[in-house]
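Student: Here is what each chain is made of, one letter per residue.
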Amino acid sequence: MKYIDEYRDGALARKLAGAIAAEIQPGRRYNIMEFCGGHTHAIARFGIEDLLPPEVRLIHGPGCPVCVLPVGRIDDAMAIAARPGVILCTYADLMRVPASNRRSLQSAKADGADIRMVYSVEDALTVAAENPAAQVVFFAIGFETTTPPTALALVRAKAEGLANFSVFCNHVLTPSAMEAILAQPQDGPDPVHVDAFVGPAHVSMVIGTRPYETFARDHHRPVVIAGFEPLDVMQAVLMLVRQINDGRHQVENEYSRAVVPEGNRKAQALMEQVLERRDSFEWRGLGALPDSALKIRDSFADFDAERRFEVPARSVPDPKSCECAAILRGQRRPEECKLFGTACTPESPIGSCMVSSEGACAAHWTFGRFRERRRA
Amino acid sequence: MSTGSRQGRVEMTHGGGGRAMARLVEELFVAAFDNDLLRRRDDQAQFAAPTGRMVMSTDSFVISPLFFPGGDIGSLAVHGTVNDVAMAGARPLYLSAAFILEEGFPLADLGRIVDSMAAASKEAGVPVVTGDTKVVERGKGDGVFITTAGVGMVPDGVEIGGDRARPGDAVLISGTIGDHGMTILSLRESLGFETGLRSDSAALHGLVADMVASVPGLRCLRDPTRGGLAATMNEIAGLSGVGMMLDEAAIPVRAEVRAACELLGLDPLHVANEGKLVAICPPENADRLLAAMRAHPLGAQAAIIGRVTDDPHHFVQMETAFGGRRIVDWLNGEQLPRIC
Amino acid sequence: MCLAIPARIVAIAEDGVTAQIEVEGVRRPVSLALVEGCGIGDYVVVHVGFALSRLDPMEAERTLALFAEAGLTGGAAS
Ligand code: SF4
Numbered sequence: 001m002k003y004i005d006e007y008r009d010g011a012l013a014r015k016l017a018g019a020i021a022a023e024i025q026p027g028r029r030y031n032i033m034e035f036c037g038g039h040t041h042a043i044a045r046f047g048i049e050d051l052l053p054p055e056v057r058l059i060h061g062p063g064c065p066v067c068v069l070p071v072g073r074i075d076d077a078m079a080i081a082a083r084p085g086v087i088l089c090t091y092a093d094l095m096r097v098p099a100s101n102r103r104s105l106q107s108a109k110a111d112g113a114d115i116r117m118v119y120s121v122e123d124a125l126t127v128a129a130e131n132p133a134a135q136v137v138f139f140a141i142g143f144e145t146t147t148p149p150t151a152l153a154l155v156r157a158k159a160e161g162l163a164n165f166s167v168f169c170n171h172v173l174t175p176s177a178m179e180a181i182l183a184q185p186q187d188g189p190d191p192v193h194v195d196a197f198v199g200p201a202h203v204s205m206v207i208g209t210r211p212y213e214t215f216a217r218d219h220h221r222p223v224v225i226a227g228f229e230p231l232d233v234m235q236a237v238l239m240l241v242r243q244i245n246d247g248r249h250q251v252e253n254e255y256s257r258a259v260v261p262e263g264n265r266k267a268q269a270l271m272e273q274v275l276e277r278r279d280s281f282e283w284r285g286l287g288a289l290p291d292s293a294l295k296i297r298d299s300f301a302d303f304d305a306e307r308r309f310e311v312p313a314r315s316v317p318d319p320k321s322c323e324c325a326a327i328l329r330g331q332r333r334p335e336e337c338k339l340f341g342t343a344c345t346p347e348s349p350i351g352s353c354m355v356s357s358e359g360a361c362a363a364h365w366t367f368g369r370f371r372e373r374r375r376a
Numbered sequence: 377m378s379t380g381s382r383q384g385r386v387e388m389t390h391g392g393g394g395r396a397m398a399r400l401v402e403e404l405f406v407a408a409f410d411n412d413l414l415r416r417r418d419d420q421a422q423f424a425a426p427t428g429r430m431v432m433s434t435d436s437f438v439i440s441p442l443f444f445p446g447g448d449i450g451s452l453a454v455h456g457t458v459n460d461v462a463m464a465g466a467r468p469l470y471l472s473a474a475f476i477l478e479e480g481f482p483l484a485d486l487g488r489i490v491d492s493m494a495a496a497s498k499e500a501g502v503p504v505v506t507g508d509t510k511v512v513e514r515g516k517g518d519g520v521f522i523t524t525a526g527v528g529m530v531p532d533g534v535e536i537g538g539d540r541a542r543p544g545d546a547v548l549i550s551g552t553i554g555d556h557g558m559t560i561l562s563l564r565e566s567l568g569f570e571t572g573l574r575s576d577s578a579a580l581h582g583l584v585a586d587m588v589a590s591v592p593g594l595r596c597l598r599d600p601t602r603g604g605l606a607a608t609m610n611e612i613a614g615l616s617g618v619g620m621m622l623d624e625a626a627i628p629v630r631a632e633v634r635a636a637c638e639l640l641g642l643d644p645l646h647v648a649n650e651g652k653l654v655a656i657c658p659p660e661n662a663d664r665l666l667a668a669m670r671a672h673p674l675g676a677q678a679a680i681i682g683r684v685t686d687d688p689h690h691f692v693q694m695e696t697a698f699g700g701r702r703i704v705d706w707l708n709g710e711q712l713p714r715i716c
Numbered sequence: 717m718c719l720a721i722p723a724r725i726v727a728i729a730e731d732g733v734t735a736q737i738e739v740e741g742v743r744r745p746v747s748l749a750l751v752e753g754c755g756i757g758d759y760v761v762v763h764v765g766f767a768l769s770r771l772d773p774m775e776a777e778r779t780l781a782l783f784a785e786a787g788l789t790g791g792a793a794s
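Residue numbers (our numbering), protein chains in the order written: chain A, 1 to 376; chain B, 377 to 716; chain C, 717 to 794.
In case anyone wonders, no lab produced these hints; they're calculated from the structure. Model, not experiment: these values are computed from the prediction. Where is the CB? At the ideal position from N, CA and C, for every residue including glycine. Incorrect hints may appear among the rest.
With a straight-line Cα cutoff of 25 Å, these simulated DMTMM-like cross-link-like pairs (lysine to aspartate or glutamate) come out [claimed, not checked]:
id, chain 1, residue 1, chain 2, residue 2
1, A, Lys266, C, Asp772
2, A, Lys158, A, Glu213
3, A, Lys2, B, Glu695
4, A, Lys2, B, Glu710
5, A, Lys295, A, Glu310
6, A, Lys109, B, Glu695
7, A, Lys295, A, Glu160
8, A, Lys158, A, Asp304
Here are some of the chain B residues that sit facing chain C, going by a computed Cβ distance under 7 Å [said to hold, decoys possible]:
id, residue
9, Glu513
10, Phe521
11, Gly568
12, Phe569
13, Gly572
14, Pro628
15, Ala631
16, Glu632
17, Ala636
18, Glu638
19, Gly641
20, Arg664
21, Ile715
Here's a subset of chain C near chain B, in silico, CB distances under 7 Å, partners left out [what the hints assert, rightly or not]:
id, residue
22, Cys718
23, Val742
24, Pro745
25, Ala784
For reference, chain A alone in the conformation it holds in the complex (with noise of 0.2 Å):
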C-alpha cells in the first residue's frame, strides 16, 4: 500500500529508536501526551512502545470523539431514537457506548428503535430520501476532520429541501481540549505533567498547524503534527525529546505530505457558514469547558435536531469508580483503575475509554497488557 507500508517499515523503526534512544539526557523524563486515539491506536497496534527507552513515557491523551461524548448525550441520542417514526443514523464506532443504566444504541436497537449504522453522512441522506414519511437524524460526532463532511451534508439537506432530515450536533474542538489538559493545575495530589504534545494528523489537515501555536508560545510545550503510521510517531517523538532537550518549544509538522499550515480552507469555509461555536460543551472525563464544541447556526435550525425533537438535555455523572476523567488527562494509567479488567472489559464496558479501539483503556486491555507485569 503506497503511502502506508514505507510508514511501517521495521528495519527503520529500529534505527529511529537508536536515534531516539541516544538522544535521551540520563535522568531525564519525557512525558509526551499524543493528543489523538489515532496515535494511540497505532502506538498499541503496532508495539511502538517496545521500541521506547524507558524514559519516553506517552500519554494517552482525550482525542478520541467516541470517548469523550458524555453519558447525557448518548441518552439524548437515544431519547430522539426512542420517538415514534424516527430512524437514528449513526457511525457504528457509537453503537456500544455506554448510556445510563448500562444502556446503550445497541440495546435500543434490540428494544426496537430504528438505528441504522452509516459509513458516511452521504448514506444519512440517502436513508432521508428513500424514507420520505420518516424522520431522519444523524448522529454527528467527531473532532475538527469528521465535522466539514456534516456541514456539507447540512448545506446539500438545505439545498435539495430535505425536511425529513436533522442533525444531532456534537462535533467538538481539538485545540479547546488541549488547553484543558494544560490548565489544570500542575501541582497538589495528581500533576499532570505533559512536557510536549504529538499532535493530531487528521484534525491538522483540516485546520492547519497555526491553532497550535498558542501552546508553543503561550504554555512552552513543544507541539510534533504526526502522521498516524508508526514511524510518523516514532519521528515525532524524536523531535519532541529533541526539542525538550534544547528547550525549544516550537509547532513543527512531521506530516507534510498531508497538512499544510493553512490547513483545509474549503471545508474551514464550510463548517464556518453551517456552524458556530457553543458556549460550552460538557466533555466526558474533562468536564465543562467553554468554547469546545459546535452547533448548527441560526440559518440552519431547521435542520437541527436539538431544537426539532425536544430532548432531556442532561447532565449524567460519568459511572463512580470509572477513571476515564483522570485517564483522559493523563494523571492515571488504566491499569490503576479498580474496575479495569474486572468490572470494565471491552465486551462490556462501564466507562468510555473501554469502548472505541482507540481508548486508553481499550487499547493498554486489547494490546498492552502484558506490559503491566514488567513494570510491576
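Based on the hints, put chains B and C with the ligand in the right spot on chain A.
Tutor: For chains B and C with the ligand alone, coordinates are given in the frame of chain A:
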C-alpha cells in the same frame, strides 16, 4: 427433473405437509442430493455403524447475501459442517440438512442453492442422507436458513483437541486469512466496495487426512471462522492453559484484504475464514506438517505463524512486523467499520 | 481518531465531485467536495467517504528521507 419446482415462489403450502411439500422435496431436494439412503424416503437414514470413535457436529447458516463470489449459503452449509467434523482429524461420512424457507422466496434461487449444496456434497464425497423443510411467513425469515449436521470417524491413534497444545509447539495456518469475511463485507451495499476477492469456502477434510497421515501426533486443529484467527488462538490458549506468540510477518494476508481492513478500520485477525485451518503440532514435526500442507491445493500457502508459550495469563501475543509486541484479543461485539 | 488512509483517485465522474479511489485493488466511491484541484492519479487522504487532503508526493519523500537520516545517527548508537 421437472422444472415445476423451480418456478414461482415459496408458499406456505410448501411446508404444510401436503402434496405441494412432497413435490418440492421430491423434485428439488431428493433429485439434487440423490443417494441410496435418501432414496428410501424414510424419516431417518439408516447406516451401519463402524467401530471406533465417531464425531458429530452441527451448524446453522444464516448469511446475507445468500450468493457471493466463491460460493453461496448452500456450499457454505456443506463446507462448514464437513470442516467442523474434520477438525477432530475425522473422516466425515454423512450430512443432514434442514431448511427454513421464507414465504415468497424465489424457487429458482432455492434451486440454485440446493444444486450448489449437492455439488459441494458430491465433491466432498459426503452425502446428505436426511433432511427437513419448514416454511415461515414472509418477514419471519431472511430468505433461507440452513442447518446441517455431520458425523464422521476418527482414525485410530489420532488424538486431536483444543486442550492439547503444549508450550513449545508450533502453530501453522493453511493459507491467507480474512478472504471470506472481507468478501461478504464488501458486498454490503452501504459500504460500496469493489474488490476482486472471493470467499475461501472449501471442504478441508482432504487436507486434514493428508496432515494426519503425515503427522499423527497433531495436537490441535480448528477452522478460524467467525471471530477469525484471533478467536481461534484465544480459544485454544484458554482450553490448553497456554499462551501464544504469533509472528505478524509470517501470517499470510492478501493485499486486498489488508487494504480493505485499513479502509474500514478492521483487523484481518478478526475477519472470518471458511476454508482455512489452524494446526498445532510438536515443534519437531512442524516442517513435515508444513510440507504436507503445502503439497495439498488447499494448503499451498500454508505457513508456520507462531509458537505456543508458557503463560499463566493465557495471553495470545504477537510480535508485530514493526518490531513491537501486542496482544491479540477476541473481537469485541460485532465486526463493524470504524470511523475513528 | 479519524481513521483515514491515502488512496489513489482512479476515476472522477462528470459532476467533478464523485470519484473512485483504489487501494491495492479495492475500490470505493469518495466525494471530492471538500478538496480542490485533485485529478486522476493523485493520492488523497480519505475519511468517512470524503477526501480531506491531497497527499504531496514531494513532502512524502522528504519525510521518508528524514527517517533515514535520523536512522543513520541512531544506527550507530544502537
Ligand atoms: S477501566 Fe473502565 S471503568 Fe476504569 S477508567 Fe477505564 S473505562 Fe473507566
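Student: Does each hint fit the structure? Answer for all of them.
Tutor: So, going through the hints one by one against the coordinates:
1. A:Lys266 with C:Asp772: Distance ~18 Å between Lys266 of chain A and Asp772 of chain C Cα, so the pair holds.
2. A:Lys158 with A:Glu213: Outside the cut-off at roughly 36 Å; violated.
3. A:Lys2 with B:Glu695: 23 Å, holds
4. A:Lys2 with B:Glu710: 30 Å, violated
5. A:Lys295 with A:Glu310: The hint holds at about 16 Å.
6. A:Lys109 with B:Glu695: Roughly 38 Å separates the two Cα atoms, so the pair is violated.
7. A:Lys295 with A:Glu160: 21 Å, holds
8. A:Lys158 with A:Asp304: Answer holds: Lys158 of chain A to Asp304 of chain A is near 11 Å, not above 25 Å.
9. Glu513: Given a least distance of 37 Å, the restraint on Glu513 of chain B is violated.
10. Phe521: Phe521 of chain B check fails; min Cβ-Cβ to chain C is 30 Å, beyond 7 Å.
11. Gly568: Holds, about 5 Å.
12. Phe569: 5 Å, holds
13. Gly572: This hint holds: Gly572 of chain B lies near chain C, its Cβ roughly 6 Å from the closest one there, short of 7 Å.
14. Pro628: Nearest chain C Cβ about 15 Å off; hint violated.
15. Ala631: 4 Å, holds
16. Glu632: 5 Å, holds
17. Ala636: 5 Å, holds
18. Glu638: Holds, because the Cβ-Cβ distance from Glu638 of chain B to chain C comes to roughly 5 Å (cut-off 7 Å).
19. Gly641: Since the shortest Cβ distance to chain C is 5 Å, the answer is holds.
20. Arg664: Not OK, violated: Arg664 of chain B not within 7 Å of chain C, min 34 Å.
21. Ile715: 5 Å, holds
22. Cys718: OK, holds: Cys718 of chain C within 7 Å of chain B, min 6 Å.
23. Val742: Result: holds, 5 Å to nearest chain B Cβ.
24. Pro745: 5 Å, holds
25. Ala784: Constraint on Ala784 of chain C not satisfied, violated at 16 Å.
Going through the hint list in order, the structure does not satisfy hints 2, 4, 6, 9, 10, 14, 20 and 25.
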